[in-house]
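Once you've looked at the hints, dock chain B against the given chain A.
Number of protein chains: 2
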Amino acid sequence: MPRTKEFKKGLKSHWGPLSGLSSWETVKCDHVVLNVKVRLLTIMKSQLAKLIDSTLVKATATKDEIERLCREAIQHGFGCVMVNPVYVGLAASLLKGSNVRVGSTVGFPFGVSLPDIKALEAVKAVEEGACELDMVMNLSAFKSGDYKLVKRDIEAVTAVKRISSDIIVKVIIETPILTNEEKITACKIVKEAGADFVKTSTGLFGKGATVEDVKLMRQVVGRDFGVKAAGGIRTYKDAVAMIEAGANRIGTSTALAIIKGAP
Amino acid sequence: MPRTKEFKKGLKSHWGPLSGLSSWETVKCDHVVLNVKVRLLTIMKSQLAKLIDSTLVKATATKDEIERLCREAIQHGFGCVMVNPVYVGLAASLLKGSNVRVGSTVGFPFGVSLPDIKALEAVKAVEEGACELDMVMNLSAFKSGDYKLVKRDIEAVTAVKRISSDIIVKVIIETPILTNEEKITACKIVKEAGADFVKTSTGLFGKGATVEDVKLMRQVVGRDFGVKAAGGIRTYKDAVAMIEAGANRIGTSTALAIIKGAP
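As you go down the protein sequences, you meet chains A and B in turn. If you're matching positions, the first sequence starts at 333 in our numbering and goes up one per residue. If you're matching positions, the second sequence starts at 333 in our numbering and goes up one per residue.
Treat the hints as calculated values from the structure; they're not laboratory data. Treat the hints with care, as some may be off.
If several chains are the same, the list does not tell them apart, and a pair holds so long as it fits within one copy or across any two.
Heads up, simulated DSBU-like pairs for lysine-lysine below, C-alpha to C-alpha not over 35 Å straight-line [claimed, not checked]:
{"#": "1", "residue 1": "Lys395", "residue 2": "Lys520"}
{"#": "2", "residue 1": "Lys480", "residue 2": "Lys569"}
{"#": "3", "residue 1": "Lys475", "residue 2": "Lys569"}
{"#": "4", "residue 1": "Lys377", "residue 2": "Lys480"}
The following block holds chain A by itself, in its conformation from the complex (with noise of 0.2 Å):
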């Protein structure tokens, strides 16, 4: 069954930015266009244990807790490890020779720095280590209303990927304190700034990330920019409803549990 194979290999491309899968997509087979209704039922545990940032970012994290994090992403292929600045340097030097990325908060987690003390944090963290950068967009300024100086924070940390093409920047833009029109006009800001991914929440607000706003994320962004759902995401199926939100990156701190509850 020729057509049914390439049907497959249609749904397969659409796989690699495991985004928008439970939306209305276009899929050619055999010359002929279908409108199909994709969605995402089960995912190997290998491909969504990439798909997660294994997060332990409280203030008192130890290092023996570090330690175990590091252990256990590559143990499990976890696709980064998510750290506080001060255990960069750490995660870095238990990580390296894995394929598990090094992951670092900036401005966390009330993004009430300077632009360019985020800005001098994010190369701070990548000279010790870390290729990706999760930083706080500036809640105050946005809250004010003041989305050029918003725009200018996140520049200011994007400017650091010019050290390597390797870093990628997520935004949080602490979806449960923001109006649905206040999430749609931060995800644009985000893009414009040069972000790879917007990111729903440092989780120490409400009720963290929901299936809502990772769908309304993805719309506005749209299909080739990056979506992190973080916060309060704690089981398999949590991942994998957000997965078919939208997202194509899970911050979690409970990625061993989430791994195990795979089929």
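Relative to chain A, chain B alone:
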């Protein structure tokens, strides 16, 4: 009654640092040394206002809110306004010519930035007009038992005091997440590292400042060091309790309510 007069004078001299006022004090009057239990029953509104750091450090604070904070601080004679780095410049321009000092947070609220970054954030804040710096201790290093790094982190910030002798550095040790033994260790490190104040908490964790913690901190650092109580102090009664326990500075986001509640 010269004895009474002298006695009052003796008492008055203890009002300066406003510390340890509910403990037993040795007071000299007319060649007689008395050991008296001193208790602060009332404090004048204007005296209390000078001890208050009127604080607005939530991530979403708007420009309008900061402007109101500064107006109220001038009107009621608060000692200091405490804002996040993104608002130091604004606060400094609004408070120019007044007696209200400008305070900035550093590494707020998790304390997870590297020492170099905290140091630069402190310098930048001073350049923008701050003369009080409330930094968060490296809680990750503290909980990992790396006290050398904790001290080095504080020293990186206290180095900014070289710019001006007017600069005051306070260190938030986050009492709600420390054991009593850890609180004692933290106070000693803060004092050794050249800071001016040890401060209870950011207000983000648990119950914030307690009378017991303030008493303990005052006991550890002695009479000639600053103790700032912050976190959950909302009424005049709360504030007086903290001063009686040994605090000589109060951090609060409800400064107006506290002053209005004063007799």
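How the hints compare with the structure:
With identical chains, the CA atoms of Lys395 and Lys520 are at most 35 Å apart between copies only, with a shortest distance of 23 Å across copies and 37 Å within one. Taking identical chains as interchangeable, the C-alpha atoms of Lys480 and Lys569 are never at most 35 Å apart, the minima being 38 Å within one chain and 43 Å between chains. Taking CA atoms no more than 35 Å apart as the test, Lys475 paired with Lys569 passes in both settings, with 33 Å inside one copy and 33 Å between copies. Taking CA atoms no more than 35 Å apart as the test, Lys377 paired with Lys480 passes in neither setting, with 42 Å inside one copy and 42 Å between copies.
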